[in-house]
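Asks: Residue numbering for the sequence shown follows the numbering used here, starting at 7 and increasing by one per position.
Some hints could be false.
[Stated by the list, open to error] Straight line, CA to CA, 20 Å or less: simulated SDA-like cross-link-like pairs of lysine to any residue: (1) LYS133 / LYS59; (2) LYS113 / LYS59; (3) LYS113 / ILE168; (4) LYS111 / GLY70; (5) LYS113 / ASN78; (6) LYS111 / ASN157; (7) LYS113 / HIS56; (8) LYS59 / ILE28; (9) LYS135 / ILE28; (10) LYS79 / LYS111.
[As the list claims (entries may be wrong)] Here are the computed distance ranges between Cβ atoms for each label pair: (11) PRO77 / ILE28: 41 to 49 Å; (12) PRO182 / SER129: 48 to 56 Å; (13) ILE75 / PHE137: 31 to 39 Å; (14) TRP55 / PRO182: 17 to 25 Å; (15) ILE28 / ASP66: 37 to 45 Å; (16) LYS135 / ASN78: 38 to 46 Å; (17) ASP68 / GLN181: 47 to 55 Å; (18) TRP55 / ASP96: 13 to 21 Å; (19) PRO30 / LYS79: 26 to 34 Å.
Since the hints were made in silico from the structure, they are not lab data.
The beta-carbon is built from N, C-alpha and C at its ideal position, and this holds for glycine as well.
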Amino acid sequence: MKKLLLGLIGLFATSNTNSSEIYPDAVQLYIRQSIEGLKQQTSAHSATWHFGKEKTWSVDQDNGLILFIFPNKVIASAPVQIIGTYDPNDGSFLWGWDNPSVDDKLKRAANLVKAYGVKNKISTFTKPKIFSSEEKAWEFVALAARLDSANGAYRAKTGGPIVYMTFGEITLKNQP
């Protein structure tokens, strides 16, 4: 959890890191507010159901769910959206809306960011693959979370690109 929170805290200190595109003031404000909202959600989840201390996680694309399994045998599940993947080796971010590995029903939130980009003439949100920082990837996720009224976001290391996701209402249950 500490790493998750530190990553988010690092994001909250910046607003337009490593981006060649300058966003209009209203868009910058909207993104800053989105980041603050995500920070508050993350803190609340950490305090209530120990988000960030999960033992394992998995995504079931067929059912559109993310599962977090905790050492105390509690399972948290929620509807999931895949916003994109960040490759730390080359600094590229591939939007979920253009990733053929992402099921179409898990692209809704990423598509909302794309539509926001079209409306506000922000090419960063409308190009399938961009080069940015990991901090920027968190901005994209925060924006997606706000546009889609998500309950939180998750950054998952996979041994390759890092997957950025948002999730909906959490359901907690004990493993049998």
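Asks: Determine for every hint whether it applies to the structure shown.
Replies: Status of the hints after comparison with the structure:
no., hint, result
1, LYS133 / LYS59, "34 Å, violated"
2, LYS113 / LYS59, "27 Å, violated"
3, LYS113 / ILE168, "16 Å, holds"
4, LYS111 / GLY70, "7 Å, holds"
5, LYS113 / ASN78, "32 Å, violated"
6, LYS111 / ASN157, "18 Å, holds"
7, LYS113 / HIS56, "27 Å, violated"
8, LYS59 / ILE28, "36 Å, violated"
9, LYS135 / ILE28, "18 Å, holds"
10, LYS79 / LYS111, "29 Å, violated"
11, PRO77 / ILE28: 41 to 49 Å, "45 Å, holds"
12, PRO182 / SER129: 48 to 56 Å, "50 Å, holds"
13, ILE75 / PHE137: 31 to 39 Å, "34 Å, holds"
14, TRP55 / PRO182: 17 to 25 Å, "19 Å, holds"
15, ILE28 / ASP66: 37 to 45 Å, "39 Å, holds"
16, LYS135 / ASN78: 38 to 46 Å, "40 Å, holds"
17, ASP68 / GLN181: 47 to 55 Å, "21 Å, violated"
18, TRP55 / ASP96: 13 to 21 Å, "35 Å, violated"
19, PRO30 / LYS79: 26 to 34 Å, "48 Å, violated"
Violated hints, in rising order: 1, 2, 5, 7, 8, 10, 17, 18, 19; the structure is consistent with all others.
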